Each structure stands twice: as structure tokens, then as C-alpha cells.
Amino acid sequence: MDIVLAQGALLDRILDHTFELWHEGLSRPAYGRWNEGQLRTAWGAGHLHRFALVDDAGQLLATAKRYRHSVRIDGRRGWMSGIGAVFTPPEQRGRGHASRLVEHLLEQARAEGALAAALFSEIGPAFYERLGFTSVPFTDVTVRVMQAGGAPAVFVR
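For the record, in the sequence shown the residue sitting at position 99 is 99 according to the numbering used here, with numbers rising by one throughout.
Simulated from the structure, these hints should not be mistaken for laboratory data.
Do not take every clue at face value.
Here are the simulated distance ranges between beta carbons [what the hints assert, rightly or not]:
(1) A111 with L39: 19 to 25 Å
(2) W22 with G96: 28 to 34 Å
(3) E91 with G32: 36 to 42 Å
(4) D55 with L26: 28 to 34 Å
Keep in mind the model is a prediction, meaning the values are calculated, not measured.
Glycine included, C-beta positions come from ideal geometry on N, C-alpha and C.
Given only the sequences and the hints, what does the whole structure look like? Please build it.
Here is the structure:
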């Protein structure tokens, strides 16, 4: 098994699998262009990557997006690893593939000096709690989105 950056034909297979879940009303071609566009933005090019766990034949076992967010935690500036869009094809579920992928992404972030990790999910928290995550109500989190010049653009509490 290998963990690789998802691109080309592999990324197309991932989008084929995830389209029904996350298309937000887009057609399949538009969903592909939307995902491609995210990666081509100035922010996306340096802060967003999609990874895949594949078997020796290149078959998709699990996939996830990894975000790199600048953060300040208790006065310390650094970055946080965000993980989202975790997906395992139905025929591969129950074999630990998503867990292996998420654990690898967490280990990589830790080795690169991340101050924290967060996982963004649309499914129940039980799976992620087994990986050590704790569900945090959005009302307990303060998020400030900064414009390029440093002025707050969005504030959510």
C-alpha cells in the first residue's frame, strides 16, 4: 500500500466516487472543474492537497483532503493541519483503510511541526473519536478569516 498525491486518472476516480455525496448541485464535469479550480487558486496551490491510499495495483482504498491553515493558539503562531473529505469506496469499507490514511496524515503533520489538527466531517463523530479526535461544537470555536492585508474579513463565534 502507498499514500500518494491524488492527481490525473486517480483523482478522476475519486471524483467519480465522491460526486454523489458532495456535488452541491453541479454536474459531474462541473464538479471536476470545481475541484480542479480549488487546487489552482493561490491559496489552494500551497495549502490544499488530496491524498489517496492505494494498493499495489493502484486501486483506490481511501482518500482525504489535507489543508494547511495558519493559526494562533495561546499566543503561538504556526499552522494547523485540517483533514476533510475522508472517503472510502463502499467495497473497501471496514478494513481500516481510512484510519491508516488519517493516521499517516496526522503523523506527517506532527513531523512537520503542526500546532494542532482538526478534522472536518459530515458523518457522525464515532469513527473519528476512535482516532483520538474530540467533537467540538462550532459555538465553542472562534474563527477569524483574514484578508491578505491582515484585516479581519469574517468573524465567527
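Going through the hints against the structure:
no. : hint                      : result
1   : A111 with L39: 19 to 25 Å : holds, 23 Å
2   : W22 with G96: 28 to 34 Å  : violated, 23 Å
3   : E91 with G32: 36 to 42 Å  : violated, 22 Å
4   : D55 with L26: 28 to 34 Å  : holds, 30 Å
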